Structures are given as C-alpha cells and as structure tokens.
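Engineer: What follows is the residue order along each chain.
There are 2 protein chains.
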Amino acid sequence: MTIVPKGYSFAVAAAGFKGPGRNDLGLVVSQSPASAAGVFTTNRFQAAPVLVCKEILAKRPLARALLVNSGQANACTGEEGLANCRATLELAAAQAGVTPGEVLPVSTGVIGAQLKMDKWAAAAPQLGASLGKATAMDVAKAMMTTDTFPKLSVKSVALPGGEVRVLGMCKGAGMISPTMATLLGFVLTDADVSPAAWRDILLHAADRSFNALTVDGDTSTNDTVLALANGASGVAVADAKSLRLLRDAVTGLCQELSYRIVQDAEGGTKVAHIAVTGAKSAAQAEVAARAIGTSPLVKTALFGCDPNWGRIVAALGRSGADFDPMAVVLKIGGVLVFEKGQPSPEDLDALLAPCMRHQDVEIELDLGAGRGAFTLLASDLSKRYVEINADYRS
Amino acid sequence: MTIVPKGYSFAVAAAGFKGPGRNDLGLVVSQSPASAAGVFTTNRFQAAPVLVCKEILAKRPLARALLVNSGQANACTGEEGLANCRATLELAAAQAGVTPGEVLPVSTGVIGAQLKMDKWAAAAPQLGASLGKATAMDVAKAMMTTDTFPKLSVKSVALPGGEVRVLGMCKGAGMISPTMATLLGFVLTDADVSPAAWRDILLHAADRSFNALTVDGDTSTNDTVLALANGASGVAVADAKSLRLLRDAVTGLCQELSYRIVQDAEGGTKVAHIAVTGAKSAAQAEVAARAIGTSPLVKTALFGCDPNWGRIVAALGRSGADFDPMAVVLKIGGVLVFEKGQPSPEDLDALLAPCMRHQDVEIELDLGAGRGAFTLLASDLSKRYVEINADYRS
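These protein sequence lines map, in sequence, to chains C and Y.
Take any residue in the first sequence, count from 1 to its spot, add 7: that is its number in our numbering.
Take any residue in the second sequence, count from 1 to its spot, add 7: that is its number in our numbering.
Any given hint might turn out to be false.
A pair holds if it fits inside one copy or across any two, identical chains being indistinguishable in the list.
[Said to hold, decoys possible] No farther apart than 30 Å at their CA atoms in a straight line, the calculated lysine-lysine pairs in the DSSO-like style are these:
{"no.": "1", "residue 1": "Lys347", "residue 2": "Lys126"}
{"no.": "2", "residue 1": "Lys347", "residue 2": "Lys123"}
{"no.": "3", "residue 1": "Lys123", "residue 2": "Lys61"}
{"no.": "4", "residue 1": "Lys287", "residue 2": "Lys61"}
{"no.": "5", "residue 1": "Lys123", "residue 2": "Lys338"}
{"no.": "6", "residue 1": "Lys126", "residue 2": "Lys140"}
No wet-lab data here; the hints were simulated from the structure.
Note that the coordinates shown come from a computational prediction; the quantities given were computed from them, not determined experimentally.
Work out the full structure, taking the sequences as your base and the hints as a guide.
Structural biologist: See the structure below:
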C-alpha cells in the first residue's frame, strides 16, 4: 500500500481532449495553503499555463491546488490562450472550494491550438464529483499521453522531528497526438517547510534529475515541475539536518522519476548513463554529455546494440568542450575502449557485445582536463520514435 | 558532354575496402603544381588524413594530386594511423610520378580501425594503370559509400581574359558500413589563380554551401574539401572582376553539390530550406536555423508531411537566439503561419498540406530583432535513417 502524504486529495475527469473514455483532467487539492515552488521550461516561447504559474508564484509562494490537462498544450496561443487558462482556474477552483489564485495549472499536447473550453466546462462537475474519490495514481494516469506506463513514486522520510512522506508523479516523452515530448511533474509532501527552503530543495533536485536527461534534445514550451508542501504531518523541517534529509529524499525521488521518463521515451529501448568527468568545469562536462546524448548516430547505434564507439568520440570532438584529444579515456560497460588517441588493442566488438544488449548502458568519459563532472540519462533513437512523431495527422 | 577543366587526369582502383568489385580508391593528378586550398572539420578528433593535409598545406599551398579512399576513415588511429596515411602518399605518388609531399589525402569510413595497408599496396599498380583512362565521374563514384548517386558538377566561366572551367565532386551522408556521415569534396579549376586568392574563394564558397547544411548535426572527424587551380587554361585570374566571377562560379557549384548531399541524405525524403532573417547577428540566425534543422521533432514532421509548425517555433524558442517572441513571423511554403504570438486564423492544415508534400519545403522565419540572416539546408529524419545507422554490424 502506498503511503500518500497527508492532507491531499485527488480528482480526475474525461473532457474528451484525448479521445473517449480517457481521463485528461487531473486535480490535486491540499487541505491547507501549501508552500509552493516550480521550475519551468527555458524555451523563449512559454505556454499560457507556464506564464500563469509564474505570475501566481511571484505574487505568493503558496498554493492550494495543482491542475493538469493532457491533450492540449495551450502554447503559442496568445492572449486568447492566457484568458482560457485563467478561465480553467475559475472552473477548477469552484469545484475544489478554493480561490483561482491558489490553483497552479500545467498542460501538455498540441502546440498552437486553442483550448476546447466547451469540453472543459462540461467536464468540470465530473472533476468536482471525483474529488476525494480518485487516487494519486489516477492523476498520474490522467497526465499521460503516449507514455506507456504512469510514473509515480512515494517515499517515507524519517526526520529528527518525525516521519514525513514525499510523493512525485510525472509524465514523459509522448502524446496520443504526438507534438512536444513535454515533461510535467508534481511533487507533494506533508512536511512543514517554508516556501523559500522548499524552493531550494526543488531546484537542487530538478538540476540532478529532470534537468539531466534527454530524449530528443527538444525542450518543450510547457515543461513544468510543481511542488507543494502542506505541513499536514505536523513535522517542522527547518534545521539543517532535516532540510538535508528532505532534500536528499526529494532528489532521489525525482531521479527515480527521471529514470522512468527515459525508460519510457518515445520508441525507446535503452537508457544510456553518460558520465563525463575530468572536464574543465561542470558546464563543459554537461556540454560534452549532451552532444553525445543527442547525437542521432550515437542513439541509433545504441538502438542497434552496436558498440560503434567512434561515434561517441566524434560527438565529444564536436561538442565544443575544451580538452586534449590525447588525454581522453572512454569506457563502455566498464571496458576500456579508447585512450591516448587510439583504440584499446583488445577485441572490442567481442568485449562490448554483452553490455550493448542490456537496457542500461554505462558510458564513462574522462576528459583529463579538470574536475568538472556531469551525468546525463539519454534514450536511444528507434524506428518507432520516427513512426510516433511522423505519423501524426496522417 | 562534360567540359572538364584542362590539365587534370583521373584514376580509380578497387582495393576491397567496400567489398568486391567496387572502386574505393580515387586519384586526381594535375599536369603541373596547382594552387591548393582546403577546408577541414572542426571536430577536436581529426582523422590522420586531415592532419596530414593541414601539415602539407601549411608548408606549401601547392599540390599535384588529390587522393581519396572510401570504406576506411583512418580516424582515432593514433601514430600508426598517421604512418599509414603517409605510406599511402608514397604509394600514390610513385604511380602518379609526383612526390609524396604533393599529394593531399582524404578518407571516409569506419572510425577507429587501422587502414588495411596490404590491400592498399596490392591495389596501387591498378591505380597507376588507370591513370588517364578513368574519368572525373569514376572518381566521384569511388568516393561514394551509402550515397545513392554520385555528386559531380561542372561549370564554364567566361572571364575577361577568357574561358575557364570549374569542376566539383563530393560525397555526402552514408556508408556501406555506416559510421560517420562524412562530407568529402574536391573542386578543380584550370584558371590561373594565386594560392592566397584561391583559398579565399574556397572559404567564401564553403561557408555558403557545405557549412550551411545539416543531415544529423554530427560533424565528422574526416570532413574535408580540397581545391586545386592548375592554370592550364592560360587564363590569369588576378583582377577584382575576374576573381569575383570565379568566386561566384565556385560558390554556385558548391551550393549545387550541397543541395545534392541533402537530397541524398541517409534515408532522406525532403530538403528543408530554413531561412532565418531579422536576427541580431548572422551568428544568431545560424544558431536558430541549426536548432530547427537538427530538431528530431521538426525532422520527423517533415518526413511525415505533417504541417506541425509548433515544433519549428518550439525549436526556435530553445535555440538560444535572442528575440521577442511577439515579433516572430513564420511562413511555410509562403503561407503565413504564426505572428504576434499566435497562429494565423486561416485553416492552416488545409493551406499547408500541399507544400508539405513537395521534396523542397521552404521555412521562413523573421525574428524581428535585427538584420542577421542565415539559410540552412536540412534533411528530414526517416525510419530508413534509423535502419541504416542501427543495423551496422548486426
């Protein structure tokens, strides 16, 4: 049995954005105003719900509810899109018995289409009727699009002051009508933590999880992770030790969810763990890891279980990271592949074949230039990815 | 009948790098020392032939011969790879009756394997016997790997001092044993032009052609374009007008070849012409165009003939280019799609459907932020691309 954080209730409804019978609206309601924090896409085009969330959190870092719809992104929709987004807050707030300014919205789906407000309004009473009857898992399912499984994780954390619970849910790469591989995530806790400390915890966790994965390198207009801490456990988290324990628990939770996003990437069959060390800085390590993790040639080789390590080295070489090519050391699955500018004299094809067949492939690159490090989780690139993303509207 | 520049002869041979019966060695010999220029990959890992070419051209910008092998990249092969590369120059020079320091080598194929020198040496006499009997088209075919057609173009240029001829050949994206989508190109003219002026012409042309296309964003360790001008026409090109005419002819030639590379991209079915204008600088326009042209979501939409313009806008938004989202104007196939932060009210699916079905798709983006402009040619991303690059060695 899952131990859900105290003081939250859940609701879902089927508005018809995703096709008949599938829930596409989800609502999380806290029994009291919760410390609220968010991290958002860095895309210059930001979806209406992203702009509205930022506006609400800038006013007051407290919230009562999180609202998600799948099937419609409400991005690149101008003033009309903003007005529609605010109207959905009114509809949801009325059902939840809170004020619209206490509801944080997220959306995922096709870019450029206006929200179907008639369907939204018709489904609102269903959302209200469901409140308290639905589970967190129902909300995790309602935010799915082409995800093949829901992504939900819960943890219990023993703090000096008592036990608190942390719950995370997210959606990853895929849509029924594929558009952007939007990442949406909710993190809930019943710990009693200040908005400022909660925000620090979320930023720390997101940098080490959601911001350290790639499916296709395309940053969505809608990416959002929202986090609520409602204090319903009665356990105050203010001392350094408790804050660190909670931070580590939230970070671990977000890393689990991130792993599942890559595992469930559109058409994906592999999870590459690309660990770059020895870079001149962490930023340079990230640049190198991302060049490798987004390279179509590396990703197709992963899909084909092909130990074609030259593609990894070549992607590193064009990444823009600064290093001496003679100092680079590459290992795959723990096997030394390349150092001092040339391949290992071993029979690499034979040595690497077994580890290339695993779902998880460990790629370790030491640039020999400093102490910067970054680890990226990356999916492979399959024919199914192309099918999913090409066959839309056909 | 093609009008080949005067004073060049050609040779080919089958060493067996690509499988039985297929020519994989090519040689171009100039009757006299020619002004020689090259542009090379910016990858930090540079193949042995790239390093050797740079070394030769740094000593003296003159050459008598261009040597190509396909099927073996000789990249990431250390000191042994350099020694092998130099040995092939000895072998080719002996057949061509020139000195090894006058031969410029290029290679394409699998990264990380040492050259099969026994096969090379065995094929050398065949190369010598072929000299003068083979055609430029034979060399263009010998450099092919998974290219589905040879890429050769010739032009006659009327200059104030008389007529000169320019010939270009290149290989594009694909291998028999697919590894890097290496770009190799040769440009030949019989104009009499100084090494310095010839180099300027090549740089000008390459920036507007080979450096303005993308198949998969993966810059090879071997990319090389070499250019010879042997003066065999007796037409001196030194005055500003003649230099400009020759430069424009070479640029046009390289643009034709670049178009054919994208047209023949691995698994490609489309050529997207991504024209970004109104950027703060040309560099920012390039950053924006490359983000769009390498986006897997944009490329799969092109493959699927899907007018999913939100993906173009989203890729622009994450590109890092600086602009006001409200000032951006997007047109596809001449149809206004997006401006002032929202979609055109027209029935875009209906309007865009015809132009998405063409091989050539025109994407015009005005960022409204300045005068910087860049146009990129980009291929689409198909299931066949994944097959070609995943099924290697399987």
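Engineer: Each hint should be assessed against the structure and marked as holding or not.
Structural biologist: Hint by hint, here is what the structure shows:
no.	hint	result
1	Lys347 <-> Lys126	between (63 Å within a copy, 27 Å between copies)
2	Lys347 <-> Lys123	between (60 Å within a copy, 21 Å between copies)
3	Lys123 <-> Lys61	within (23 Å within a copy, 61 Å between copies)
4	Lys287 <-> Lys61	between (34 Å within a copy, 28 Å between copies)
5	Lys123 <-> Lys338	between (51 Å within a copy, 26 Å between copies)
6	Lys126 <-> Lys140	within (22 Å within a copy, 74 Å between copies)
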